[in-house]
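Please work from the sequences and hints to get the whole structure.
Residue numbers (our numbering), protein chains in the order written: chain A, 1 to 426; chain B, 1001 to 1289.
Derived by calculation from the structure, the hints in this document are not laboratory data.
Heads up, the beta-carbon is just placed ideally off N, CA and C, and yes, glycines get one too.
Hints may contain errors.
[Said to hold, decoys possible] The calculated label-pair distances, taken between Cβ atoms and stated as ranges, are:
1. ALA1156(B) to SER289(A): 46 to 56 Å
2. VAL1134(B) to THR185(A): 28 to 38 Å
3. SER289(A) to THR1185(B): 30 to 40 Å
4. ALA1071(B) to ALA96(A): 29 to 39 Å
[As the list claims (entries may be wrong)] Pulled a few chain B residues facing chain A out of the computed Cβ check, cut under 8 Å:
5. SER1013
6. ALA1014
7. GLN1112
8. TRP1115
9. GLY1131
10. GLN1138
11. THR1164
12. ARG1165
13. PRO1217
14. GLY1218
15. ALA1221
16. THR1254
17. GLU1258
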Amino acid sequence: MSNRQSARPRHWVLAPVAAAAACALLAACSTSSASSASSGGTVTVGESTVLSGSIAELGQSGLQGVQLAVADLNAHGGLLGKKIKVVSADSQATPATGAANVKNMILQDHVVALFGPVSSAVAAAEEQLAGQYKVPIFFHTSNDISLMGSSFNPYAFQVVPNTDMEPRAAALYLDNEVKAGKIKTPIALGTFAPNYSFGQDSVAGFIQALKYYQVPYKLVSQQWPSLEATDISSNLSALLAAKPSVVYNAQFGGDLVTFVKQAAPFGFFKKTTMLSMLNTAELATLGSSAPAGSIAFDRAPWFAMNEPGVTSFATEYHAKYHQWPDTWAVLAYTSVQVWAYGVKHSGSFDATKVSAAIAGASIPTIRGTITIRACDHQAEIPEYVGTVAAAASPQTGFPLWAAGSGFTAPFSKIALSCAQMKAMQK
Amino acid sequence: MHAVILDVAGTLSAAANLFVVAAGLTLVFGAMRIINMAHGSFYMYGAFTVTTVLGVSAGWRFWVALLAGAAVAAVAGLTVEVTVIRRLYDAEHLTQLLATYAVLLIFADVGQRIWGSGYRAVTPPAVLASGISVAGVQVPRYELFVIGVGVLVGLALWVMLARTRFGWLLRAAVEDPESVATGGTNLARLRTGVFVLGAFLAGLGGSLTAPLQSIAPGMDASIIVSVFIVVTIGGLGSVAGAAIGALLIGLAQTLGAEFFASWAASLIYLIMIVVLAIRPWGLLGVPER
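As structure tokens, this is what we get:
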């Protein structure tokens, strides 16, 4: 018996070693076949973004924008004679998952460009990898200011107004309403924001902007529900108990829809002015429950931008996906155009050359010509603010913005200076 | 006064929902000593079923949807008990945890295939959709409805446990499982019955709160944490304990959000730690033999 036992360990060790060797061989084969496909006329770009959960709509919308832009590029011969392929993965709004996805895309799919996630926390993780492996990354949804500030690298580009610009535009609109006598001061201010970098920075940006515009306010309640938290009832009752006259809500997607549906039966919208990111998708979901008169800020509302390129994009998008494009689709399409410009003007897919070609350039896009500021790779674009219409739009079947309520806060008024951004980058 | 009414309404409706779901979990653990991580999946399936039955419109179909959600969860519970749980009664708690966690993951994946990966929203029927004035403060009628259902479920469970044969056997199984087996009862059928009841309650909880939240993948994981805390505080196996635990957690969540907004998320865990330090088997629980 002891003889048999001593013989067994050898077989036991050999089998897994053989299996591991076989796996390694197969992996090596598949990697090399992918790279041969790359040089044969295709390049790959990747998007790791949230595709499940209550904010999935933002990720899906952005991905569709990227896919539409790539399809349009391929229809015109691709870039530098190569066709473009899009790979995508679900980040689940978790930085570790987003980072793992991006690493796979870089090392296995050999992506030549990355397009941004929704969550700024995921974006920070993906940005770090993009800088490390030298792949240009274009943010079209996540907009925390730290992405072009403290965690900036030369391969990262921001095609969205950031967490200073956006709340500043909202505060400017509010200031105009106060000066017009529509809102009483001092404002009893409540804030309701998802508890992560974007939510915190957005609220901080808004309060800072109120101080800057000298709008008298008193902070009565600050609520920080988790991102994608499905039950916010305790945060909501606490907010309501403080009786705010104005609420700055930094939620988005399904979270914002839930807030509106839960708050409405409390009579919230009759007593309180809310500023929030009620975009196309949220308005479509809410339909007749959309809070008329509520202030909405939007980074690229196709219906209020007065850009022929955006209008025809909206029609194309609607025909293909049977839904009206959200902000994220518009911005994602724009970000692909920015990348394509860099490739065409540098004549290469190389990250350093592409990035150098984009920085400081004025680039024609569906939303007009936009300039990418050289010091922080921030697109010099405005933020849009308006109030939700009472009646459904005949074009879409759900309320958009009240006619005449649209307000464009120009980049020059809301952005930080290059000196301020450079100070953050140190 | 305004704040107090809102706080009370918020606490009670949060507590009612937690209680309905926690009662199911505590009964399952009490009678069968099974820690079911997939309890949250039944909750989620209940909520998603409501969205399917309702489509976008509410109306009379809402009441059907409520029961359909609980029924679907019960069927899911039956499937899980017959295929997986039956083999785990004599296994270690760790094995039970791993197996039921696997069930949670499978249900989550299947759920995404059936209902997609985005979120859904439903509206309550018109009769419950608006607010009602309570001492000058507007409180949503639906919140009051949830509180009402929570109380009804509590009463029904109390009657069942005190007055029906099934309830007696369940209580016996909680207190003295050996005597139930030797007494000639069909233990397998009792256990299946308890597990299905637990799943039904979880599904009912999900259906009930469907109009109050966004229904999306991930709600299974988020509810199970709160429910575990409620059950742990209240004592495994005690429905009254689940009620007390739910009230405590509802209170902590509501007052926490109002007075300690940035610490609110940790407050419920702190309470659990304090209770476990003082009474490791929960407030109304029985020390494990």
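Worksheet item: Do the numbers back the hint for SER1013(B), that is, is its least Cβ distance to chain A under 8 Å?
Response: holds (6 Å)
Worksheet entry | chain A contact restraint on ARG1165(B) - CB to CB distance below 8 Å | violated (37 Å)
Worksheet entry | Satisfaction of the ALA1014(B) interface hint, Cβ to chain A closer than 8 Å | Constraint on ALA1014(B) satisfied, holds at 6 Å.
Worksheet item: Is 28 to 38 Å right for how far apart the beta carbons of VAL1134(B) and THR185(A) are?
Response: holds (31 Å)
Discussion item. The hint names PRO1217(B) as touching chain A; please verify it with the least Cβ-Cβ distance against 8 Å.
Written reply: holds (5 Å)
Discussion item. A closest beta-carbon separation below 8 Å is what the hint needs, so does GLU1258(B) meet it against chain A?
Written reply: This hint holds: GLU1258(B) lies near chain A, its Cβ roughly 4 Å from the closest one there, short of 8 Å.
Worksheet item: Honestly, do ALA1156(B) and SER289(A) meet the 46 to 56 Å range at C-beta?
Response: violated (33 Å)
Fill in: Closest C-beta approach of GLN1112(B) to chain A relative to 8 Å, hint status
holds (7 Å)
Practice prompt. Have a go at the ALA1221(B) hint: is there a Cβ in chain A nearer than 8 Å to its own Cβ?
Written response: Because about 10 Å separates ALA1221(B) from the closest Cβ in chain A, which is outside the 8 Å limit, the hint is violated.
Discussion item. Given a cut of 8 Å on the nearest C-beta pair, is the interface hint for THR1164(B) held or broken against chain A?
Written reply: Violated, because the Cβ-Cβ distance from THR1164(B) to chain A comes to roughly 32 Å (cut-off 8 Å).
Practice prompt. Could you check if GLY1131(B) really has its C-beta closer than 8 Å to a C-beta on chain A?
Written response: Holds, because the Cβ-Cβ distance from GLY1131(B) to chain A comes to roughly 4 Å (cut-off 8 Å).
Discussion item. Just to be careful: measuring from the Cβ of TRP1115(B) to every Cβ in chain A, is the smallest value less than 8 Å?
Written reply: Because about 11 Å separates TRP1115(B) from the closest Cβ in chain A, which is outside the 8 Å limit, the hint is violated.
When held up to the earlier numbered hints, the structure conflicts with 1, 3, 8, 11, 12, 15 and fits the remainder.
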